[in-house]
Structures are given as C-alpha cells and as structure tokens.
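With these hints in hand, go ahead and build the complete structure from the sequences.
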Amino acid sequence: MPKNIRIGDVWDSEAMDTRLTGERYRIYVNTDYVGDKMGLNAGEGEAVEDFLKSLGFSGYTIEYDNKNIRIKTDDKDLAEKLRNHLQEYLDLR
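Position 69, counted from 1, in the sequence shown is what the working numbering calls 69; the numbers after and before it change by one each time, with no gaps.
If you're looking for bench data, these hints aren't it; they were derived computationally from the structure.
Just so you know, not all the hints are guaranteed correct.
[What the hints assert, rightly or not] Okay, derived cross-link-like pairs now, DSSO-like style, lysine-lysine, Cα gap no bigger than 30 Å in a straight line:
1) K53 with K37
2) K53 with K76
3) K37 with K81
4) K67 with K53
5) K53 with K81
6) K81 with K67
7) K72 with K53
8) K67 with K37
9) K72 with K37
The following block contains the structure:
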C-alpha cells in the first residue's frame, strides 16, 4: 500500500532540498554572496577550490565552516572574475 504524503511534504521545497541533496553551503567572494552549493559529500568546499584551480586562478584564500565557503582576495578584478565563474559553476550544479 502506498505511503500517505501530506501536501506540505510535497510543496516544502526547502525541506525537500535538504532531504534530497544533503547540506547547503553559502558561497561568498569577499563579502558578496554568490549563491548556494548543494552537496551530498563532506568535501564540497574542496570541490569549489578544485574548480577554481582547474581554471588557473590563484591569489585568493578559502575559508570553510559548517555552512559557508568564503573566498577572499584583495584584487578587485580577480574578485569579479571569481564571482562570475562561481555563478556559472553554481548554475550548472
């Protein structure tokens, strides 16, 4: 017999995102919010760093905590490029 599903269970998209995809990490470049990275694995922060390295980026630091990935740089042009590439990366995920 099928399990009963409440309407709230179906339409609560935030709860469904958490159940289906695991953790959500907020990504920032300096103080600018770029977007959310949904992940199933504990190493999602490293995946972002690997992505940036694969594009040849350097001159930044990355800090991780339980819910945030913060990328910091003093170079304003680099910060803009990082934001643009990360936005594309997040749109594809």
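Hint check against the structure, violated hint numbers in rising order: Violated hints: none; all satisfied.
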